[in-house]
Amino acid sequence: MLRVLFVCTGNLCRSPMAEGLFRKEFTGDFSLTAASAGTMAPKNRPPTDYSVMTMMERGVDIRPHRSRPLTEEMVNEADLILVMEDVHTRFIINQVPEAKNRTHLLGGYGLKKGKEIDDPVGQDMDVYRQIAEIIEREIRRIAPLLKRAAGTLRNG
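Numbering (numbering that gives the first Met the number 0), first residue to last: 0 to 155.
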(Lines of atoms letter the chains of each structure in order from A; the text may use other names.)
(Lines give C-alpha, C1' and ligand atoms only; values in the text may rest on other atoms or scores of the structure.)
Protein backbone atom coordinates (compact mmCIF):
# COMPACT_ATOMS: atom_id res chain seq x y z
CA MET A 0 0.00 0.00 0.00
CA LEU A 1 1.29 3.45 -0.95
CA ARG A 2 0.80 5.89 1.93
CA VAL A 3 0.58 9.51 0.74
CA LEU A 4 0.77 12.42 3.17
CA PHE A 5 -0.37 15.89 2.06
CA VAL A 6 1.17 18.78 3.99
CA CYS A 7 0.35 22.48 4.16
CA THR A 8 0.65 25.05 6.94
CA GLY A 9 -2.57 24.89 8.97
CA ASN A 10 -4.18 21.66 7.69
CA LEU A 11 -7.39 23.68 7.31
CA CYS A 12 -7.50 24.39 3.55
CA ARG A 13 -5.07 22.99 0.99
CA SER A 14 -4.01 19.66 2.48
CA PRO A 15 -7.55 18.60 3.50
CA MET A 16 -8.75 19.57 0.02
CA ALA A 17 -5.93 17.51 -1.50
CA GLU A 18 -6.71 14.55 0.76
CA GLY A 19 -10.41 14.72 -0.13
CA LEU A 20 -9.75 15.02 -3.86
CA PHE A 21 -7.23 12.17 -3.65
CA ARG A 22 -9.82 9.94 -1.96
CA LYS A 23 -12.34 10.83 -4.69
CA GLU A 24 -9.83 10.09 -7.47
CA PHE A 25 -8.84 6.75 -5.94
CA THR A 26 -12.24 5.56 -4.65
CA GLY A 27 -12.16 1.78 -4.51
CA ASP A 28 -8.39 1.55 -5.01
CA PHE A 29 -7.10 0.01 -1.81
CA SER A 30 -3.46 0.11 -2.93
CA LEU A 31 -3.26 3.80 -1.97
CA THR A 32 -4.15 5.71 1.16
CA ALA A 33 -3.99 9.39 2.06
CA ALA A 34 -3.68 11.55 5.14
CA SER A 35 -2.93 15.21 5.73
CA ALA A 36 -1.27 17.41 8.33
CA GLY A 37 0.07 20.92 8.80
CA THR A 38 3.47 22.26 9.78
CA MET A 39 1.82 24.85 12.06
CA ALA A 40 -1.59 23.25 12.44
CA PRO A 41 -3.76 23.70 15.50
CA LYS A 42 -5.12 20.46 16.89
CA ASN A 43 -8.60 19.24 16.03
CA ARG A 44 -10.01 22.24 14.13
CA PRO A 45 -12.47 21.85 11.25
CA PRO A 46 -11.56 23.00 7.75
CA THR A 47 -12.40 26.58 6.81
CA ASP A 48 -15.94 27.22 5.61
CA TYR A 49 -14.71 28.15 2.13
CA SER A 50 -12.71 24.92 1.94
CA VAL A 51 -15.79 22.90 2.84
CA MET A 52 -18.01 24.77 0.36
CA THR A 53 -15.45 24.52 -2.43
CA MET A 54 -15.12 20.77 -1.94
CA MET A 55 -18.90 20.28 -1.72
CA GLU A 56 -19.11 21.89 -5.17
CA ARG A 57 -16.77 19.11 -6.34
CA GLY A 58 -18.74 16.33 -4.65
CA VAL A 59 -16.24 15.91 -1.81
CA ASP A 60 -17.28 16.20 1.85
CA ILE A 61 -14.38 17.28 4.07
CA ARG A 62 -16.59 18.36 7.00
CA PRO A 63 -15.45 15.43 9.19
CA HIS A 64 -11.78 16.46 8.78
CA ARG A 65 -9.97 17.78 11.86
CA SER A 66 -6.59 19.47 11.68
CA ARG A 67 -3.46 17.63 12.80
CA PRO A 68 -0.01 19.01 13.51
CA LEU A 69 2.66 17.23 11.48
CA THR A 70 4.68 14.76 13.55
CA GLU A 71 7.89 12.87 12.93
CA GLU A 72 5.89 9.65 13.15
CA MET A 73 3.59 10.76 10.31
CA VAL A 74 6.61 11.62 8.15
CA ASN A 75 8.26 8.28 8.88
CA GLU A 76 5.10 6.31 8.06
CA ALA A 77 4.51 8.04 4.70
CA ASP A 78 5.87 6.57 1.48
CA LEU A 79 5.32 9.88 -0.31
CA ILE A 80 4.94 13.37 1.15
CA LEU A 81 3.35 15.98 -1.11
CA VAL A 82 3.66 19.55 0.12
CA MET A 83 2.15 22.82 -1.07
CA GLU A 84 5.17 25.12 -0.66
CA ASP A 85 8.95 24.91 -0.52
CA VAL A 86 8.85 26.07 3.12
CA HIS A 87 7.01 22.84 3.97
CA THR A 88 9.74 20.79 2.31
CA ARG A 89 12.40 22.60 4.34
CA PHE A 90 10.42 22.11 7.56
CA ILE A 91 10.11 18.36 6.97
CA ILE A 92 13.75 17.86 5.98
CA ASN A 93 14.90 19.84 9.04
CA GLN A 94 12.83 17.54 11.26
CA VAL A 95 13.46 14.26 9.41
CA PRO A 96 16.45 14.51 7.03
CA GLU A 97 15.93 10.98 5.70
CA ALA A 98 12.53 12.08 4.29
CA LYS A 99 14.23 14.24 1.65
CA ASN A 100 13.76 11.82 -1.25
CA ARG A 101 10.11 11.18 -0.33
CA THR A 102 9.12 14.86 -0.06
CA HIS A 103 7.97 16.77 -3.15
CA LEU A 104 5.86 19.74 -4.13
CA LEU A 105 2.41 18.51 -5.18
CA GLY A 106 2.75 20.94 -8.07
CA GLY A 107 6.01 19.35 -9.13
CA TYR A 108 5.88 15.63 -8.43
CA GLY A 109 7.26 13.80 -11.44
CA LEU A 110 8.45 17.04 -13.05
CA LYS A 111 11.88 18.66 -13.20
CA LYS A 112 10.58 21.88 -11.69
CA GLY A 113 7.52 22.35 -9.55
CA LYS A 114 5.15 25.15 -8.64
CA GLU A 115 3.98 26.09 -5.19
CA ILE A 116 0.26 26.13 -4.44
CA ASP A 117 -0.66 29.36 -2.66
CA ASP A 118 -2.48 29.50 0.66
CA PRO A 119 -6.04 30.79 0.16
CA VAL A 120 -6.56 31.76 3.83
CA GLY A 121 -8.09 35.21 4.08
CA GLN A 122 -9.08 35.26 0.40
CA ASP A 123 -12.52 35.08 -1.15
CA MET A 124 -14.38 32.02 -2.41
CA ASP A 125 -13.11 32.49 -5.98
CA VAL A 126 -9.52 32.07 -4.78
CA TYR A 127 -10.48 28.86 -2.96
CA ARG A 128 -12.05 27.60 -6.17
CA GLN A 129 -8.87 28.42 -8.10
CA ILE A 130 -6.71 26.61 -5.54
CA ALA A 131 -9.05 23.59 -5.57
CA GLU A 132 -8.85 23.52 -9.37
CA ILE A 133 -5.04 23.52 -9.23
CA ILE A 134 -4.97 20.76 -6.59
CA GLU A 135 -7.48 18.64 -8.52
CA ARG A 136 -5.54 19.07 -11.76
CA GLU A 137 -2.29 18.06 -10.03
CA ILE A 138 -3.84 14.98 -8.44
CA ARG A 139 -5.22 13.88 -11.80
CA ARG A 140 -1.83 14.54 -13.42
CA ILE A 141 0.04 12.40 -10.90
CA ALA A 142 -2.60 9.64 -10.60
CA PRO A 143 -0.83 7.33 -13.10
CA LEU A 144 2.49 7.87 -11.30
CA LEU A 145 0.93 7.01 -7.95
CA LYS A 146 -0.79 3.91 -9.33
CA ARG A 147 2.52 2.76 -10.79
CA ALA A 148 4.31 3.41 -7.48
CA ALA A 149 1.62 1.51 -5.56
CA GLY A 150 1.98 -1.42 -7.97
CA THR A 151 5.75 -1.41 -7.49
CA LEU A 152 5.33 -1.53 -3.71
CA ARG A 153 2.75 -4.30 -3.97
CA ASN A 154 4.80 -6.40 -6.37
CA GLY A 155 8.12 -5.56 -5.24
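None of these hints come from the bench; they were simulated from the model. Glycine included, each C-beta is placed from N, C-alpha and C at the ideal position. Do not take every clue at face value.
[As the list claims (entries may be wrong)] Computed cross-link-like contacts, SDA-like style, restricted to lysine to any residue with a CA-CA straight-line distance of at most 20 Å: (1) Lys23 with Pro68; (2) Lys114 with Arg139; (3) Lys111 with Pro143; (4) Lys42 with Met73; (5) Lys111 with Gln122.
[To be verified] Restraint-style ranges between C-beta atoms, simulated for each label pair: (6) Gly150 with Lys42: 33 to 41 Å; (7) Arg62 with Gln122: 16 to 24 Å; (8) Asn100 with Asp48: 19 to 27 Å; (9) Thr70 with Met0: 29 to 37 Å; (10) Lys23 with Asp78: 14 to 22 Å; (11) Gly27 with Asp117: 28 to 36 Å.
Task: Agreement of Lys42 and Met73 with the hint, judged by alpha carbon distance not exceeding 20 Å - done: holds, 15 Å
Task: Restraint status (C-alpha distance of Lys111 to Pro143 at most 20 Å) - done: holds, 17 Å
TODO: Decide if the proposed pair is consistent with the structure: Lys114 and Arg139, CA atoms, cutoff 20 Å inclusive.
DONE: holds, 16 Å
- [ ] Mind checking the alpha carbons of Lys111 and Gln122 for me, to see if they're no more than 20 Å apart?
- [x] violated, 30 Å
Open item on the list: Within 16 to 24 Å: is that where the Cβ-Cβ distance between Arg62 and Gln122 falls?
Closed with: holds, 20 Å
Task: Assessment of proposed distance window 14 to 22 Å (beta carbons of Lys23, Asp78) - done: holds, 20 Å
Task: Range agreement (Cβ of Met0 with Cβ of Thr70, hint 29 to 37 Å) - done: Distance hint for Thr70, Met0 is violated at roughly 20 Å.
TODO: Just tell me: holds or violated, for the beta carbon distance of Asn100 and Asp48 against 19 to 27 Å?
DONE: Given about 37 Å between the Cβ atoms, the range is violated.
Task: Supplied distance hint 28 to 36 Å, evaluated on CB atoms of Gly27 and Asp117 - done: Holds: the Cβ-Cβ distance is about 32 Å, inside 28 to 36 Å.
TODO: Compare the distance between the alpha carbons of Lys23 and Pro68 with 20 Å, and conclude whether the hinted pair is satisfied.
DONE: violated, 23 Å
TODO: Please test the hint of 33 to 41 Å on the beta carbon pair from Gly150 and Lys42.
DONE: Because 35 Å falls inside the window, the suggested range holds.
Hint compliance for this structure: hints 1, 5, 8 and 9 are not met, and every other hint is.
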